[in-house]
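Chains A and B supply the protein sequences, listed in that same order. Counting from 1, position 156 in the first sequence corresponds to residue 156 in the numbering used here; the numbering is continuous, with no gaps. Counting from 1, position 101 in the second sequence corresponds to residue 101 in the numbering used here; the numbering is continuous, with no gaps.
Because the hints were derived from the structure by calculation, they are not lab data. Only a predicted model underlies this, so the values are computations on that prediction, with no experimental measurement involved. No false leads were mixed into what you were given.
Distance condition first, Cα-Cα at most 27 Å in a straight line; then the derived BS3-like pairs of lysine-lysine: (1) B:LYS174 x B:LYS109; (2) B:LYS26 x A:LYS353; (3) B:LYS26 x B:LYS10; (4) A:LYS68 x A:LYS48; (5) B:LYS186 x B:LYS174; (6) B:LYS165 x A:LYS72; (7) B:LYS68 x B:LYS186; (8) B:LYS165 x A:LYS68; (9) A:LYS48 x B:LYS68; (10) B:LYS186 x B:LYS172; (11) B:LYS109 x B:LYS186; (12) B:LYS118 x B:LYS186.
Over 12 Å on every C-beta distance to chain B, these chain A residues come out as not near it, computed from the model: (13) TRP4; (14) GLN20; (15) VAL60; (16) ARG86; (17) ASP141; (18) LEU175; (19) VAL182; (20) ILE198; (21) HIS214; (22) PHE291; (23) LEU299; (24) ASN378.
Ideal Cβ placement from N, Cα and C applies to all residues, glycine included.
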Amino acid sequence: MLFWISTTLKVLVVVGFLAQVAALLLWVERKQSAMMQSRIGPNRATIKIGSLEIRAAGLVHSIADGIKMVWKADWEPTGGDHLLYRLAPIVAIVPALCLCAVLPFGPTVFLDHGRDLYDPAWATDAATLARSVPLQIANLDVGVLFIFAIAGAGVIGAALAGWSSDNKFSLMGGLRAASQMVSYEVAMGLSLVGAMMIYQTVRLDEMVTWQTQHCWGIFVQPVAFVLFVTAAIAETKRVPFDTPEGESELVAGYFTEYAGLKMAMFASGEFVEVCVSSALITTIFLGGWQFPFMQLTGLEFHYLGLNLSAHMPHWSVVLVGFITFCLKCAFLIFMQLQVRWTLPRFRYDQIMKLGWRMLLPAALLNVLVTGTVLLFLNSGNG
Amino acid sequence: MPGKTKVLKKPTRTLADQSYLIEVVKGLGTTLKHFFQGTGQMVSGNVPNAVTDPLAEGISTLSYPEEKRAYSERWRGVHRLTHRDDGSPRCVACLCCSTACPAQCIYIKPGEYPEGDKRRGYERYPVEFVIDELRCIFCGFCVEACPCDAIRMDTGTHMTAFDVKSDFVYDKDKLMSMVSQHGTQKSENPRHEPGDPGHPGIDRLHGGH
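Bound conformation, chain A alone:
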């Protein structure tokens, strides 16, 4: 019973949040790019209530955009495959939403407050675990592998859109999207192998636990971090990897023929991908929901000869964990948008070269070095 209620709640909260994230990120992107380019940015959309004018620093533009998108003429190409044409935006956005099912966005909430909060055996006790709610929709054993599988499905949406639009620009865009995403899928998967070897698990919650007990993944796998971030940006098909929709050559690439809400689904799918990839990077490399030096019982600092610990009530640990996760994600999203407005678009052959001739060998090398070091360390222990 507890499982069903909590799962429903979690799904509602996460999907509800991600549905809004596109509108929010649209505003962030517009304002951030405006600030970077010494502009004011959008600020004209106004809600008038009597004499009160609400502009909310341009946030109203997101609402105005939503309304505009709904009322746009829902034009469809006369040729092409109509079923696939309508299916493509859904296929593009659903995998992005599915990805967040396995991401832990906070520490496990224990409902038994009667027990001793600082007993080390407490969190692993079967009875306690039965009365606990992990802040993660689905705690899958396959974890990271699930993410690779679903993220790989995202390419189908773009490819279908390009194919079914009956437009050569769309087709070119779809082809580019497909080849780019498949190429970077390889580097993305291999870059995480080193991390999986260190964490000794593919479960995302256990990865966070490992980082809570040892140190953040970025410190043990810095190369993998750079590789993964690069591949993740390439997977979102945003600048500098946006040749699939390069407007100077392909109009709008695979969604050239889409209008109104269908176009909005592609656009918001992109933002959801940015959000989810940030959450993924946070989970695997930046310690997930872990606040520095915070354990399940409170703050613990046992370095440099110091032995400091401050016990915190369980609810505050959960709250701090959740907020930390959100802040880390927000920072990564900010950096991704910053990259998007800093770098020029790569040429298509440069993207392929970067993927196959730089990232892939680097990822393989990373696996080799990690394996060697691990073997060396383990033999030392043995």
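Once you've looked at the hints, dock chain B against the given chain A.
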């Protein structure tokens, strides 16, 4: 005599450039600097005035309809048709402007003044005068071509954005309702009506050619 040779150093690509990563970080540094500068100005409300101080560091957006920089007298804005003293258009429907127009965006339907009008025989008038402002390339040839100073582009206004394409097609009434940058609907150049002293008095129908 061999001159002094200055040997320019060929730019080299170091491994750091080649790896691209350091350059990316440098670029991010630049954009972040501007981001924080802009955000700081917006939050503190310390945005430089784009009208008086257009070259200041930081945000330089001009909030257009509210803030305007003065345009020069020669700046070409949306057209207007100048008025005579009695409020009729100065245009004599000679079709010079529509002939000169490289975008072919001007349509004029000329008409004769009715029998008995003192202008009849000397000049015609535009029954319709239509400019498709979407086709217009704002080259100003029509203004140059006009022998009567009847069409001018001194309104100092940009094209307005409309919802419907047909709204961009300005008809005679709309063009005559526009005012110049200085608020006048007339032209400073003198004009002589038929019968006035100084009017050459050559009749188009009986001019002898």
